[in-house]
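Asker: Here is what each chain is made of, one letter per residue.
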Amino acid sequence: MRDAFDVLGVEPRFGLDLTELEAHHRKLSAELHPDRQSASSAAERAAKLTQLSEVNQAYRSLSDPISRAEQLLQRRGESVPATKTAELLQRIFEQRQSVENAKDEGNACRLSDWVTAARARQAALASELSAFFDGEPTVLPVPHQQIAPVFEELRYLKKIIERAERALDELE
Amino acid sequence: MLYSDKVIDHTDNPRNVGTLDVNDPNVGTGLVGNPACGDVMRLQIRVDAEGRIAQARFKTFGCGSAIAASSLVTEWVTGKSLDEASALKNTAIAAELNLPPVKLHCSVLAEQAIEEAIEDFLRKQASLAEKVPAK
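If you're matching them up, the sequences are chains A and B in order. Each step along the first sequence adds one to the number in this note's numbering, with nothing skipped, and position 76 is 76. Each step along the second sequence adds one to the number in this note's numbering, with nothing skipped, and position 28 is 1028.
Each hint should be verified, as a subset may be incorrect.
As the list claims (entries may be wrong) - Straight-line C-alpha distance at most 20 Å; calculated SDA-like pairs for lysine to any residue:
1. Lys84/A with Ala1036/B
2. Lys159/A with Gly135/A
3. Lys159/A with Glu1116/B
4. Lys1080/B with Pro1025/B
5. Lys159/A with Pro1025/B
6. Lys159/A with Leu1104/B
Simulated from the structure, these hints should not be mistaken for laboratory data.
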């Protein structure tokens, strides 16, 4: 099975240059675009169209840090382990509470402060993933269970940030 | 998406929203969540001397179905024994609320929440029993 890295022909790393990735995707999709296939047979055109949709899907999945990390794990024959951390859930619960409170109070200032802090946290978590995937291989490999809470927190944060930003849009 | 009348009723008038004292030995707290949708649900029970659930409270951050599922569970378990409450199945919640397939995970979450609350209560009672000096 070809994964998103294979489809786009990029090196399987977590720390991809997203600007480069975008340019690469634009180039590939322009080549595969139906407008460029006027001289081809119907079968060739259909094949290019399938390829185009694969390329688009691969690009979407590599642009998202969570699914990029999932694919890197899959390449190693591992999946994202389930985790159950009461401490993390408690923190997420409190985070959601503060977003809802700020939203109910119509406090755009606190909401946007929260989003800024949450984005910083997202970046910190992403750099943990980057160290895990792209770092020098350590003598003792980090068991992949250790990064499970990082994945989980990133997933929650993504949803809560979306929510906070929607609330901000409504307030403005 | 169209919510069933029962879901709308529970989201408009959620029953038993609130907090019980986490440190009360007779209170069990279940905190569960689903990272894929970002929902978090806290369900608490207070158990009386007869081993029945005297009070149930919840606080859920999530979609209407998640709120309705936890609201419904607090209604159902109040007055029940722990065994009766732990026999509660997510399928019954989903059926009562007419949840569509994409929202079934909300009923699963509510079932996990009551299970965890019961486990938490039993854990507390067990550790309390250990602390009582043997005579």
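Asker: Now look at each hint and say whether the structure bears it out.
Answerer: Tested hints:
| no. | hint | verdict |
| --- | --- | --- |
| 1 | Lys84/A with Ala1036/B | 14 Å, holds |
| 2 | Lys159/A with Gly135/A | 28 Å, violated |
| 3 | Lys159/A with Glu1116/B | 24 Å, violated |
| 4 | Lys1080/B with Pro1025/B | 19 Å, holds |
| 5 | Lys159/A with Pro1025/B | 34 Å, violated |
| 6 | Lys159/A with Leu1104/B | 19 Å, holds |
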